[in-house]
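J.: Assemble the complex: chain A is given as a structure, and chain B must be docked to it using the hints.
Chains as they are written, first to last, in my numbering: chain A, 1 to 253; chain B, 254 to 547.
The hints are simulated quantities; they were obtained by calculation from the structure and are not laboratory data. Hints may be right or wrong, so weigh each one.
Just the calculated beta-carbon pair ranges, DEER-fashion [as the list claims (entries may be wrong)]:
{"no.": "1", "chain 1": "B", "residue 1": "421", "chain 2": "A", "residue 2": "33", "range": "19 to 27 Å"}
{"no.": "2", "chain 1": "B", "residue 1": "421", "chain 2": "A", "residue 2": "30", "range": "22 to 30 Å"}
{"no.": "3", "chain 1": "A", "residue 1": "33", "chain 2": "B", "residue 2": "290", "range": "19 to 27 Å"}
{"no.": "4", "chain 1": "A", "residue 1": "30", "chain 2": "B", "residue 2": "496", "range": "32 to 40 Å"}
{"no.": "5", "chain 1": "A", "residue 1": "135", "chain 2": "B", "residue 2": "527", "range": "38 to 46 Å"}
{"no.": "6", "chain 1": "A", "residue 1": "158", "chain 2": "B", "residue 2": "523", "range": "38 to 46 Å"}
{"no.": "7", "chain 1": "B", "residue 1": "510", "chain 2": "A", "residue 2": "18", "range": "40 to 48 Å"}
{"no.": "8", "chain 1": "A", "residue 1": "229", "chain 2": "B", "residue 2": "348", "range": "52 to 60 Å"}
{"no.": "9", "chain 1": "B", "residue 1": "396", "chain 2": "A", "residue 2": "234", "range": "42 to 50 Å"}
{"no.": "10", "chain 1": "A", "residue 1": "14", "chain 2": "B", "residue 2": "465", "range": "58 to 66 Å"}
In this text, a Cβ means the ideal position worked out from N, Cα and C, and glycines have one as well.
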Amino acid sequence: MTTLTSPSLETYRDQIQRCAQTMALGYVEDVRPFLANGSKIEQVKLFTDGNLDKRIDKILDQVELLKPVFDQLEDLVSEYILEVPLAAYDTGCSDGDRFLRWLGLTQVATPEQQDYIACQLARHEVENVARQNRLGHVRFQELRSMTERLKEELGTNPKLRVHLNPIRTWATFQTTVLLGEEATIPAHVMFFACGNQIRTSAFEEAGRYFVEELTTHGPLTLRDWKRLDRSVSCGELMEFCRDAAEMGFVAFG
Amino acid sequence: MSLATLDAVCSMNSSRLLMPGIGYALREQNRYVLNDPAINAVEITFERADDPLRIDRYLGDQEFDHVGIHALKLSVASPDAPGHNYLETLLAIAEENNAESISDHLGFTRDAHHGVEMGHFAPPPFTPAALDATCHNIDFVQTFFGRRDRRFYIENIAYLFQFEGTLTEAEFLWRVLRNTGCGWLLDVTNVYANATNFGFDPYDFISEVMPAADRVQIHLAGGFFDEQAGMYIDSHSEPIPEPAWNLYRHALDQGRSKVDAVFLERDQNYPDERGWRREIRQVRAIAEEICSPH
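Okay, chain A solo, but in the shape it has when bound:
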């Protein structure tokens, strides 16, 4: 990237920095010396208020899950936007993500609220992973579209490999609030992309172990997987693979 440098451009850079940084937080007085004749500070305020209102709406959309557990959510978002400016190239849910981290630093959340925050952060993280690996997402979903047919070949086709969904992340829940009373806590939950949706799956130790093996060794045929791990039977692996394919975090190809 090239950068322009000259005295007048440095002056210009200073002006834009002062104006943008102050307007990003809704403060306008620093802009006053730069205004043209006929332009009023109230007009700048109209501009920044409109921008901040839109930012609040966007963040509230991005942290929708928290609405039932934070009574003053809109007030908290309003406080946040006056403290933390929108970052350059804000993409997807990045502002909502920063708000959630700010919330963690500035508020004392109950364990239940923390689970909601962890859940929302994990959903954003799935989107971030998909953004960084769009090709991987599209390829896996293509594989998944053939899974219904290929799962019948699982025990008979020696070349068929088991692929783990690359668009995934983990969260740990400390309460049962999002899982139901029966759940064992702490619960390890995988969030993954399924088509254009995000799905979740809570894992017992055995399931996590299988996922870790697939993560470490990459796409595996059942035979190779069995060779790597003699402690499990082919039947157990097939059952795991079929269930996982049904849920959408494993595909065959």
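T.: Chain B only, in chain A's frame:
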């Protein structure tokens, strides 16, 4: 082929050459009318199409004669050039949807590459320093997009205030277009809004700037007059106002033979199906009236 038939073919071709593509800025709310016979173009707002979980292309199976990508964060009037990742993602969406052009606004949304974002574009001060920075950034963008045959258009924005400057907006825009050779996305309603709010003649503005533009796209939208602020607000929430229709005629007349596409924008208070179809058919009817060779 007889001479008479040849004449007819030439006439059809020249008519096609003169007639811009007509369509909507795509929103989920108008997707179902995009097969209207009046529509042969579409504009995709990049930030809407940039959904990381989407698998199919944003346009789906539909094909159009003209597809434009409209961006919001190039911030060409910032002191720094736009970031590589943003440009790459823009191009990827353009390629995926067979878009031939990419556009953004003549303003700044951020201070610097790793700085802050304001959420919307502010006008640059109309000064030589801002002109240099803007032209440098547009050159940078055009080099990037030009490698993969995408034309870049810059849109005149509606603003609520102006910074102190030494040039008029028309002079500034004229120089940007002349210095960079980029296309002009002439937002007719933005010209109308600024003329209403800052007291200049919108017809003169278009007539003054148009000669500097090699290629042109047009935006049309409707806003409202905010009595409390004493300003016309370009909210994209209302039908196109009558003065903007008249200005659109003037723009087509001034830009004859170089207007590639006309896009109608609506972001709030969405009309019913009849409303969607009526307005876009009016956009086409006026273009046919002005741009027809006969």
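J.: Taking the earlier hints as the rules, which of them does this structure contradict?
T.: Failing hints, ascending: 3, 6, 8, 9, 10.
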